[in-house]
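Participant: Residues per chain are reported as follows:
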Amino acid sequence: MAKNYAMTIDLQSCIGCAACSVACKNENNTDTGMNWSHHIHTTTGTFPNVKYEYIPTLCNHCDNAPCVKACPVKAMYKDDENGLTLHNADKCIGCKACMASCPYGVISYNKKDPHQYWNDQESWYDDVSATPAEIKEKIGTEVPYYNPERAFNYEAIRYRGIVEKCQMCDHRLDRGEQPYCVSRCPAEARYVGDLNDPNDKIHELLTHDHKTLREDLGTKPKVFYLRSF
Amino acid sequence: MTAKSAKGLPIVIIAGIVLAIGIFSMGNTLVQGQVLFGSTDQVPWNILIVAYVFLALAASGMCLVSTFGHALGFERFEIISKRSLYLAIAVLIPALVVLTMDLGRIDRAIYFITSPNLQAPMWWMGATYGIYVVVLLFEFFSVQTGNEKAVKVASYITLCGAVAATSILGGIFATVVTRPLWYGGALPLFFVLSALITGIATLMIATVLTYKFTRETMSYRLQEVLSYLGKAMAILLAVALGFHLWRLITLFYVGSDSFGIILNGMYSTVFWGVVIALGIIVPIVMLMKNRTPMKLVVAGMFVLIGMFVDKYITVMGGQLVQPFGEVATYTATFTEWAIIAGGIAGSVLIYMYGVKKFSLETHGHEDEKVTEVKPSKAG
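The listed protein sequences correspond, in order, to chains C and R.
Residue numbers for the first sequence follow the numbering used here, so the first one is 1 and each next one is one higher.
Residue numbers for the second sequence follow the numbering used here, so the first one is 1001 and each next one is one higher.
Keep in mind the hints are simulated off the structure, nothing from the lab.
A portion of the hints provided could be inaccurate.
Label-pair distances were calculated between CB atoms; the ranges are [unchecked claim]:
#1 R:TRP1246 with C:ALA2: 44 to 50 angstroms
#2 R:THR1114 with C:GLU149: 37 to 43 angstroms
#3 R:ASN1264 with C:TRP124: 56 to 62 angstroms
Covered by chain C, per the in silico footprint, the following chain R stretches (three or more residues, Cβ under 8 angstroms) [unchecked claim]:
#4 1039 to 1046
#5 1097 to 1105
#6 1175 to 1188
#7 1313 to 1323
#8 1346 to 1357
Ideal Cβ positions, reconstructed from N, Cα and C, are used throughout, including at glycine.
Make a model of the complete structure from these sequences and hints.
Facilitator: Now the structure itself:
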């Protein structure tokens, strides 16, 4: 039976350290400013009656995904095998219809080729440190922290003129591993499970009080926030 | 003829320079990418989309006016059908070029054919405009060769095409549930209404100024038709005013952040001052009586400015309010403006070429009785 992956994020466990965002960058070779894993934080009230809220965000892999409906060339699609909302970098024409239609603002556009910093010929301290370009040349990869595993089923580093977004580490899920943001969360606040498998732990987690973002829009998002304060 | 050419030469030179800057900016965009644009991840669509919507609507409007005579049998309008049709082509083709500059990977446009998503309004827009442009060109070719039967058939298709393409273009925005300025069935219809208004305004300006520059005298009949068009535009503007009011009222009831942007926020001055006052109310007052040709031009100019700003507020304002309340900003860059100006200059040049080569002032079935009617009393 086909899988239907969804994520839970336990907001009472989440410590707001943003390790998920850093891990995501390592795993998916995203450039500065390109955040597949992001967060909303809001501070309301005035001291001493202050409320601070930190909500980690990512693509919600909606069952009724507006980006999939808006994409004119099926570059954004629902994967029948795993229920994820995925992006085909080879097909994307860069029309940005997906970005305009996404209610969560989690799709980014490559205005330029990423990681240009590593072509820089200037070092931080002359004759002391190497230039970014020298480091890049020595290591022989696009970026020093390049992760070739991302290339398993998606463009390892995307390029100018196309969009990109969270793929829920489908390359890791494919071999039975949790997404990297899940495995690197120090508070173990995250979990990805198969909604189609009645024995999956996700069903137990979803017995907790939970919500999704902008449920009113009918997008049927699949990132569930457990136990909000 | 020499006088005509000499009179038109400065316009050709200016339009040529603007076009050259536009083409340079397009080339620059292809080389450097969209870093030259003001769009961001928060505001993905930029002013090129605004210009495309504005120009494509103008083209559809002029196509619709051309079908009044060609397809719908209003013989009175036949004398402007050819010019209107040609203008639609002259505006639409540069508009499509402007649009392509906002595509990150224009080289992959083939996927529109090999991997169509029938759920996507943007795919339908591409398909409809693709067919529509070809039929428009065929219709003009048939007018030129005097094949009346082909003109009639093509005209019916372009009539449907203009309405379909325009409303589908509106549908791209109208299906985005998360953006209150876009969402809902009213927007596609408003786009069709805008198309008629923008098209009539452009056609009036182009026709009157062409006669001014060529120093030919307009027949009373043509003045009468233009006067009718001016009156029709005023009525349509009143409907547009109603649309705007109802949009504000509905936004008020849902307490949308977008409401604040228009009512008293970032875009309130241009909305009330340019869209409503200059673009709708002033032209309605001007067009109430004595619709002289120059008055039509001035009113038409106001309408075009209002309509452009209206589309700017709709497209850009619709994107400013972010999913979780933050309000983004957007500023157009020189490159974006240069591409748009280049597109408009391209339209002007294509039109001037048509005036010179295709005798657009060809009159239909001349009716002597009508030519005696004074324009100011017509309608």
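Participant: Against each hint, give a clear statement of whether it holds in the structure.
Facilitator: Now the hints, each set against the structure:
Distance hint for TRP1246 of chain R and ALA2 of chain C: a CB-CB separation of about 45 angstroms, consistent with the stated range 44 to 50 angstroms. Remark: the range hint 37 to 43 angstroms for THR1114 of chain R to GLU149 of chain C is contradicted by a beta-carbon distance near 30 angstroms. A hinted range of 56 to 62 angstroms for the beta carbons of ASN1264 of chain R and TRP124 of chain C is inconsistent with their spacing of about 48 angstroms. Counting residues of the region 1039 to 1046 of chain R whose CB lies closer than 8 angstroms to any CB of chain C gives 5, which reaches the minimum of 3, so the coverage claim holds.
Only when three residues or more bring their CB closer than 8 angstroms to a CB of chain C does the claim for the region 1097 to 1105 of chain R stand; here the count is 4, and the claim holds. Residues of the region 1175 to 1188 of chain R with a Cβ under 8 angstroms from some Cβ of chain C number 5, which satisfies the need for three, so the listed coverage holds. Coverage of the region 1313 to 1323 of chain R by chain C holds. Counting CB-CB distances below 8 angstroms, 3 residues qualify, and the rule asks for three or more. Coverage of the region 1346 to 1357 of chain R by chain C is violated [criterion: at least 3 residues with CB-CB distance below 8 angstroms; count 0].
Hints 2, 3 and 8, counting from the list given before, are not met by this structure.
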